[in-house]
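Visitor: Listed below are the residues making up each chain.
2 protein chains.
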Amino acid sequence: MKRFINVKNTIVTEALDGFLATTPTLGLARLDGYPHTKVIVRTDWNKSRVALISGGGSGHEPAHAGFVGEAMLTAAVCGDIFASPSVEAVLAAIRAVTGTAGCLLIVKNYTGDRLNFGLAAERAKALGYKVEMVIVADDIAIPDAHNPRGLAGTLFVHKIAGFLAAQGASLEVLAAAAQAAAAASYSIGLSLDSCTMPGTTKDDYLGPDEAELGLDIHGEPGVSKIAFEPADKLMALACARLSAALGGFAGRLAIILNNLGAVPPLEMGVLANAFMKTDLADQCALIIGPAHLMTSLNMTGFSVSALELDGVREQALLAPVGASGWPGVRQPGAITLVPLPETGRGEAYSPSQNAAVQSVIRAVCDMLIAAEDMLNHLDSRIGDGDTGTTFATAARCVLDALDSLPCNDGAALGAALGALLSRNMGGSSGVLMAILFTAAGKACKQGEDWPGALYEGAGQMMCYGGAREGDRTLLDALIPGLESLMQGKSVAEAATAARQGADATATMRQARAGRAAYVHEDNLAGVTDPGAEAIARAFEAIAAIR
Amino acid sequence: MKRFINVKNTIVTEALDGFLATTPTLGLARLDGYPHTKVIVRTDWNKSRVALISGGGSGHEPAHAGFVGEAMLTAAVCGDIFASPSVEAVLAAIRAVTGTAGCLLIVKNYTGDRLNFGLAAERAKALGYKVEMVIVADDIAIPDAHNPRGLAGTLFVHKIAGFLAAQGASLEVLAAAAQAAAAASYSIGLSLDSCTMPGTTKDDYLGPDEAELGLDIHGEPGVSKIAFEPADKLMALACARLSAALGGFAGRLAIILNNLGAVPPLEMGVLANAFMKTDLADQCALIIGPAHLMTSLNMTGFSVSALELDGVREQALLAPVGASGWPGVRQPGAITLVPLPETGRGEAYSPSQNAAVQSVIRAVCDMLIAAEDMLNHLDSRIGDGDTGTTFATAARCVLDALDSLPCNDGAALGAALGALLSRNMGGSSGVLMAILFTAAGKACKQGEDWPGALYEGAGQMMCYGGAREGDRTLLDALIPGLESLMQGKSVAEAATAARQGADATATMRQARAGRAAYVHEDNLAGVTDPGAEAIARAFEAIAAIR
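Protein chains in written order, with the working numbering: chain A, 52 to 597; chain B, 52 to 597.
I should point out that these hints are in silico values taken from the structure, not numbers from a laboratory. One thing to keep in mind: the hints can contain errors.
Identical copies carry no separate label here, and so any pair may be met within one copy or between two of them.
Below, computed lysine-lysine pairings styled on DSSO-like, alpha-carbon distance capped at 27 Å [stated by the list, open to error]:
1. 253 <-> 540
2. 53 <-> 328
3. 328 <-> 59
4. 253 <-> 53
5. 540 <-> 98
6. 53 <-> 284
7. 276 <-> 253
8. 98 <-> 328
9. 284 <-> 59
10. 176 <-> 98
11. 496 <-> 176
Using the sequences and the accompanying hints, generate a full structural model.
Guide: Listed below in structure tokens is the structure:
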């Protein structure tokens with residue numbers, strides 16, 4: 052399976068160095084013990100305070116290095132992917148950061164971590180250090196499990212212990228508070244897919260209709276395969292388990308919504324919305340995430356963690372930290388709705404008559420309806436063959452509305468045609484024509500005559516549409532035609548200019564806008580751009596009015 | 052393809068509501084226009100300032116709703132996935148937040164967005180609003196492209212314009228600064244896999260040895276397929292393209308490392324490290340990410356964006372914001388190394404002789420070597436069959452080291468045996484025995500006699516290992532044996548107690564620790580736990596010394 056790695060056995064050291072090099076202002080460093088000792092430490096650490104050390108296998112980023120910093124961890128001991136760090140590495144971390152106040156080890160409940168952190172603690176104690184260890188076992192997947200695993204609830208313990216350590220709490224007080232927070236933490240994971248160790252092939256052990264509940268964060272199978280269901284149901288299922296594990300606790304909760312690795316942010320938003328519909332949300336006073344906190348490589352899954360709150364825990368969770376991986380804590384709440392601004396305000400107009408304008412509109416529309424098949428045919432050679440129908444449909448709408456249009460008020464007519472075409476003429480062409488007439492109406496309002504106003508509209512079409520004269524679009528007929536009129540020439544002369552412009556598109560070897568931009572030049576040769584053809588014919592139709 | 056969604060056509064509104072419900076303290080709201088109008092607005096907005104509006108299709112989260120907030124966007128107009136929002140939705144956003152100072156639309160260079168934001172701008176202007184539009188076209192995948200796409204460089208424009216708007220800059224100043232920042236932004240994306248629209252099946256159009264350079268953020272094919280290579284090479288390739296696009300610009304750059312959706316944080320760390328090795332890193336004064344900024348659903352890819360810095364841009368990027376999606380800006384730099392704490396300090400010991408202790412050690416070790424096959428056989432029935440070899444190997448090491456051990460100094464002997472076993476006895480057993488002797492040594496130092504010290508050591512084994520008496524482990528022999536000694540009974544009596552404890556494991560129907568925990572009770576029946584058997588034999592061997 053393709054992954055963004057170099058050599059398998061340096062993934063962790065490279066990722067840690069990448070982390071450190073992009074966060075130098077956080078005051079972090081690493082112990083000079085690569086590759087064996089992968090320990091991130093604070094350089095601004097006051098050893099008169101109790102040091103907090105956590106860690107474990109890697110593959111859980113931002114845990115644990117991302118939680119080292121002011122008011123969170125003092126050091127993180129990182130093992131290889133999903134492998135506990137060695138006793139020596141843990142001991143090095145203890146020695147590097149522990150002063151007279153001692154240190155607290157915060158360990159997730161995995162045998163390797165318990166043993167290696169445990170032996171390191173014993174060796175450190177034998178060397179005279181004050182060391183306590185708190186084991187986090189927040190997984191509730193198996194009711195009454197003998198040895199529940201440690202999951203994202205560990206973050207609650209990091210945060211609360213970090214706050215208390217920064218306040219100067221003693222090791223005894225800190226260890227008791229951390230242990231109590233660990234005991235009050237509950238987590239469950241749910242995944243649509245297993246994670247893949249770098250360098251291995253993907254194991255599709257879940258079927259297309261299966262998901263997994265109660266999963267580990269090390270790629271081990273979850274407690275149970277469940278049916279794949281909509282996000283709301285999967286979230287409800289996970290939260291129902293948490294509610295059951297919480298027993299009778301009806302107080303305020305802090306909730307972590309954790310991305311296990313590869314869930315796109317859009318879907319985490321859907322899951323957050325799903326969470327807000329659960330009973331658990333009623334108890335949720337503080338929310339952390341959705342965010343990547345305790346991942347499992349590229350797992351397409353999430354976990355939900357709950358912590359029973361009390362005053363100190365709430366204060367601790369809300370306190371600011373200097374760790375890069377902590378996304379902050381928010382109080383969830385109702386969504387504020389703002390009334391939709393009135394649409395149509397200021398766009399109302401009264402019908403008015405202007406025989407000359409009406410005859411121009413009628414002439415152009417009649418022509419477009421008559422040219423439908425011909426324009427479609429032209430477009431079929433360089434596009435999707437619907438230019439004729441698009442213009443004819445618009446023309447029919449305009450004719451239908453003609454009696455109600457403000458034909459004697461140029462400004463209002465431009466706006467009205469813009470609105471009409473925006474609603475009734477499909478695709479990009481509809482929006483472009485709407486821009487043309489809307490902008491032209493505004494120019495009329497500012498005193499421009501019709502040729503000048505349409506010329507300004509064409510300018511806005513170019514600005515927003517990105518096409519220019521010479522790009523093989525209707526602009527190649529429209530611009531010369533309008534320029535003729537603005538120079539005071541007759542409509543017949545303008546029609547000639549527009550026709551020359553339209554005909555010239557047949558010799559342009561490259562289109563730079565619209566679908567024709569994707570057509571090979573051999574297929575463009577000799578074909579007039581259908582939009583330019585329509586514009587040339589429009590000028591010709593106006594010139595023919597008598 | 053399984054995804055965390057409910058119904059396809061409500062993904063975006065659900066995700067936006069999930070976002071709003073979990074961020075109510077940010078002062079955001081949405082216009083009451085679902086499902087058509089999906090507009091997130093600031094409620095704390097001062098209309099005397101220029102409003103900043105961005106948006107586009109969804110599927111790019113946290114863009115754009117995540118960048119609405121103090122000193123960034125005033126409103127985000129969200130379309131359906133990869134689909135431009137409608138003219139009406141953009142116009143509603145403009146009307147909702149624009150005051151006398153006007154508004155600036157920041158639009159990525161896609162036809163749909165240009166046209167819909169463009170027509171909305173024209174309609175708003177016709178209604179009397181002051182509106183300017185800046186188009187971001189930062190993609191450098193195709194040199195000299197006529198219409199480069201808008202990618203994550205758009206974030207630079209949001210941030211800089213947000214800073215200037217908060218400072219009270221006029222619309223003219225703001226539009227010019229935003230346009231200049233857009234022109235000074237360069238981005239390129241690289242992916243290992245295409246993204247998948249929710250509700251569609253996965254399209255494996257890239258082969259296992261292929262990657263894609265110069266990709267779009269809407270699932271369209273990239274500019275070129277390239278060979279899949281190690282992360283360092285892929286990052287170097289992307290950065291070389293950026294360097295080329297930067298032409299001669301040799302000044303300071305801000306860099307965005309953007310996760311396109313599904314790259315696990317561990318790999319983003321590897322990519323950050325890879326980036327720091329490129330020539331571009333030498334110019335990088337500010338770095339944003341690695342983070343999810345402008346994603347493309349679940350794409351396994353990254354993009355790198357560069358912005359030419361000047362004093363104002365640098366100040367603008369560094370300013371704090373109230374938008375949840377902005378990860379902050381850091382100055383990359385050298386990694387600080389802290390020397391590894393001396394290992395072995397305080398653990399040195401001098402050899403010393405004590406005939407009684409040595410004969411005990413020798414008796415136990417000889418027994419373990421002799422019992423190797425028998426213990427392996429027992430273990431093969433309930434585990435992986437290596438208990439005998441694990442203990443025998445440890446015993447040989449201890450015998451080899453016996454003359455150099457501090458046999459006449461209980462505290463030092465415990466520590467020495469702990470260190471020896473930690474290094475030479477594999478697996479969990481090695482660490483557990485090391486904990487036993489290390490903790491016992493410490494207890495000796497504090498005045499405990501050997502039985503009491505070992506009993507304390509056993510307590511630490513239980514604490515860290517998680518097993519208790521009755522869990523069908525060696526503790527079932529060790530604890531009764533040591534308790535006998537502590538009660539002043541003879542070694543022979545202690546051996547009897549240990550033997551009874553060991554034999555009792557054969558009748559225990561469930562193991563709660565070690566590999567035997569995974570064995571069905573029928574297979575456990577009648578089999579003595581090999582660890583308990585070893586301990587019972589150790590007591591018997593000591594009792595037999597004369």
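Visitor: Now, for every hint given, state plainly whether the structure supports it.
Guide: Evaluated hints:
Taking identical chains as interchangeable, the C-alpha atoms of residue 253 and residue 540 are never at most 27 Å apart, the minima being 72 Å within one chain and 59 Å between chains. Taking the shortest Cα distances, residue 53 and residue 328 sit within 27 Å of each other only across copies (21 Å), while inside one copy they are farther apart (37 Å). For the identical chains of this complex, residue 328 and residue 59 are inter-copy neighbours only, at 18 Å across copies versus 42 Å inside a copy, given an alpha-carbon limit of 27 Å. Taking the shortest alpha-carbon separations for residue 253 and residue 53, both the intra-copy value of 10 Å and the inter-copy value of 16 Å come in at or below 27 Å.
For the identical chains of this complex, residue 540 and residue 98 are neighbours neither inside a copy (88 Å) nor across copies (47 Å), given an alpha-carbon limit of 27 Å. For the homomeric pair residue 53 and residue 284, the shortest alpha-carbon distance between copies (14 Å) is at most 27 Å, but the shortest distance inside one copy (32 Å) is not. Within a single copy, residue 276 and residue 253 get their C-alpha atoms as close as 18 Å, and across copies as close as 22 Å, so both meet the 27 Å cut-off. For a Cα distance limit of 27 Å, the shortest separation of residue 98 from residue 328 qualifies neither inside one copy, at 45 Å, nor across copies, at 34 Å.
For a Cα distance limit of 27 Å, the shortest separation of residue 284 from residue 59 across copies, 15 Å, qualifies, whereas the shortest one inside one copy, 38 Å, does not. For the identical chains of this complex, residue 176 and residue 98 are intra-copy neighbours only, at 17 Å inside a copy versus 63 Å across copies, given an alpha-carbon limit of 27 Å. Proximity of residue 496 to residue 176 under the C-alpha cut-off of 27 Å is restricted to the inter-copy arrangement: shortest distance 11 Å between copies versus 86 Å within a copy.
Going through the hint list in order, the structure does not satisfy hints 1, 5 and 8.
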